[in-house]
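Enquirer: Sequence:
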Amino acid sequence: MRPTEAYTSGSAMRGWGRALRAAGSLRWVSTRPGAAHCGQSERPQGRRAELPAGPDLRHFLRGAAGEEIHSSIVSLLSGFVAVYLETYGCQMNVNDTEIAWAILQKSGYIRTKEAEEADVILLVTCSVRDKAEQAIWNRLQHLKALKARRHQASLPLRIGILGCMAERLKEEILHREKLVDIVAGPDAYRDLPRLLAVAESGQQAANVLLSLDETYADILPVQTSAGGKTAFVSIMRGCDNMCSYCIVPFTRGRERSRPITSILQEVKVLSDQGVKEVTLLGQNVNSFRDMSEVQFQSAAAPALSRGFSTVYKTKPGGLRFAHLLDQVSRIDPEMRIRFTSPHPKDFPDEETQSGSTRVLEAMRRGYTREAYLDLVQHVRNTIPGVSLSSDFIAGFCGETEEDHQQTVSLLREVRYNVGFLFAYSMRQKTRAYHRLQDDVPADVKRRRLEELITVFREEAARANEAMVGQSQLVLVEGPSKRSASELCGRNDGNIKVIFPDADIEDAEGCKALVRAQPGDYVLVKVTSASSQTLKGVPLCRTTLSRSAACH
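When you line the sequence shown up against this note's numbering, it's residues 1 to 551, in that order.
Note that these hints are calculated values from the structure, not bench results.
Please note: incorrect hints may appear among the correct ones.
Said to hold, decoys possible - Taking lysine-lysine and the DSS-like style, the derived pairs with C-alpha atoms no more than 25 angstroms apart in a straight line are:
no.: 1; residue 1: K313; residue 2: K496
no.: 2; residue 1: K144; residue 2: K113
no.: 3; residue 1: K144; residue 2: K131
no.: 4; residue 1: K106; residue 2: K313
no.: 5; residue 1: K170; residue 2: K131
no.: 6; residue 1: K144; residue 2: K106
no.: 7; residue 1: K170; residue 2: K147
no.: 8; residue 1: K525; residue 2: K113
no.: 9; residue 1: K170; residue 2: K144
no.: 10; residue 1: K315; residue 2: K268
no.: 11; residue 1: K429; residue 2: K496
no.: 12; residue 1: K481; residue 2: K429
no.: 13; residue 1: K313; residue 2: K268
no.: 14; residue 1: K525; residue 2: K481
no.: 15; residue 1: K178; residue 2: K144
no.: 16; residue 1: K496; residue 2: K481
no.: 17; residue 1: K525; residue 2: K535
no.: 18; residue 1: K429; residue 2: K131
no.: 19; residue 1: K496; residue 2: K525
no.: 20; residue 1: K429; residue 2: K170
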């Protein structure tokens, strides 16, 4: 939305009044569209008014509160309320940020990239580990000083905590130092305009109600990276797996899926905007189950992967993930489709947290090491060259040294291309919190985590080295961060590929040489590899369809 298309909210007008009082004695200010700012010569209609020549509002603001407060009043002078959004945690939180901003934008707010210029600062938070929450508490201490300076200048700053931490720690957040004005859980973003209106009156406001059906299906997220060639599309919210270590079912609620029609509409919009890669998002994407169409509500429940089980009864009915993938893939033949995060139980013959069967059972993951390895082999037989990724937790309750070594051996045996590894962090409300003991010492957790990371990197490097000499299809994302003379992109396995920004041939047969641009597909011959990156030389610019036909 361009600034001229926004409208002035009531809170912005009240902010105007505060700004004028802070500035000193001024007779009048016009708030009509196109009106002059304070100190200019336009008069209000119907009466005469004379303003003495002299300093204007900005002069008083600079003198009274410094340049920082002066810059923050820009939004008030324009008649708008500026909001600053800061995102922590997983990609779901990035998507939540885009949803929250779409709602606020529709209500007349404008967005700023600088916290110091904002009237409202909203932190979209993560609660999956204690370290993520500590980052928020530390950030609030930095914002405390900014809020105090605003208060001294009679320009209140509103601070809000959104997302999983808001859901988990509502009372503590509201009462700790009285710094936070609003708290909104993941299912309460539609209520943000009302919560902010309550906060404007000087009261704290909160909504952390979890919903059984909220998916924000009717809200088109405003992509934070305008002009980007990759995007994320949320297809479902919540989780029913109830793994013993995981806080997600308690902070994001029960599992529910968006109607396929709304997902396809969003992907079509992104395709029309030039996006070339879409990642379908959810806590457990492959248990997707759209119940919006009556004729599919009585469909039989799909079978689980061989050797896998659930803690809940398998749900019948609905359009499933395989159908969604098929429909999404038909929208744009030049769009690459990814998804995250899947659960291995939902990969029947149509896809770990530990490598120890005993620990997996304690985690309530619903499978054994042996069943998992069988599935990995089946996937690799079905899709040669497939890249695999997984999450690993070091030092879960009761984990012995033998359990840890089984996880090490699993890393070596599977040889993942991408991995996310963490030390276990006990979370309140979870089954582990109530029934198990967090009995692995912190120093042992750190040592085991370091060992897992070392082994993962060694094996990932070997897996990536196997691609040296091969040609990889790379979607160009932009210049490399380390060198303006190189381009960066990702291959089909989501591995970063770096190559020179040089003249290349076009596979369409054009005789003129071209330079690859963001959004182009380029065939790159791999010349070297590390655990995280491939390097190579560009062969030609091509298309996704042409590359698929060649294979």
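Enquirer: State for each hint whether it applies.
Expert: Each hint, compared with the structure:
This hinted pair does not check out: K313 and K496 have alpha carbons roughly 40 angstroms apart, beyond 25 angstroms. Proposed proximity of K144 and K113 is supported: the alpha carbons are some 19 angstroms apart, at most 25 angstroms. As the CA atoms of K144 and K131 are separated by approximately 20 angstroms, the hinted pair is consistent with the 25 angstroms bound. Taken as a hint, the K106 and K313 pair is broken in the structure, with Cα atoms around 40 angstroms apart against an allowance of 25 angstroms.
A distance of roughly 18 angstroms separates the Cα atoms of K170 and K131; the hinted pair therefore holds under the 25 angstroms criterion. Straight-line distance between C-alpha atoms of K144 and K106 comes to about 29 angstroms, which puts the hinted pair past the 25 angstroms bound. About 20 angstroms separates the Cα atoms of K170 and K147, which keeps this hinted pair within 25 angstroms; it holds. As the CA atoms of K525 and K113 are separated by approximately 39 angstroms, the hinted pair breaks the 25 angstroms bound.
Restraint check for K170 and K144: satisfied, since their Cα atoms lie roughly 18 angstroms apart, inside the 25 angstroms limit. A distance of roughly 29 angstroms separates the Cα atoms of K315 and K268; the hinted pair therefore is violated under the 25 angstroms criterion. Restraint check for K429 and K496: the C-alpha separation of about 38 angstroms exceeds 25 angstroms, so the hint is violated. Under the criterion of a C-alpha separation no larger than 25 angstroms, the hint pairing K481 with K429 is inconsistent with the structure, at around 41 angstroms.
Between K313 and K268, the direct Cα distance comes to roughly 35 angstroms. Violation of the 25 angstroms bound is thereby established for this hinted pair. With a C-alpha separation of about 21 angstroms, the suggested pair K525 and K481 falls inside the 25 angstroms cut-off, and the hint holds. About 10 angstroms separates the Cα atoms of K178 and K144, which keeps this hinted pair within 25 angstroms; it holds. In summary, the hint linking K496 to K481 is supported, as the alpha carbons are separated by about 12 angstroms, within the 25 angstroms threshold.
Straight-line distance between C-alpha atoms of K525 and K535 comes to about 8 angstroms, which keeps the hinted pair within the 25 angstroms bound. Restraint check for K429 and K131: satisfied, since their Cα atoms lie roughly 17 angstroms apart, inside the 25 angstroms limit. At roughly 13 angstroms between alpha-carbon atoms, K496 and K525 fall within 25 angstroms of each other, so this suggested pair holds. For a cut-off of 25 angstroms, the pair hint linking K429 to K170 stands: about 14 angstroms separates their Cα positions.
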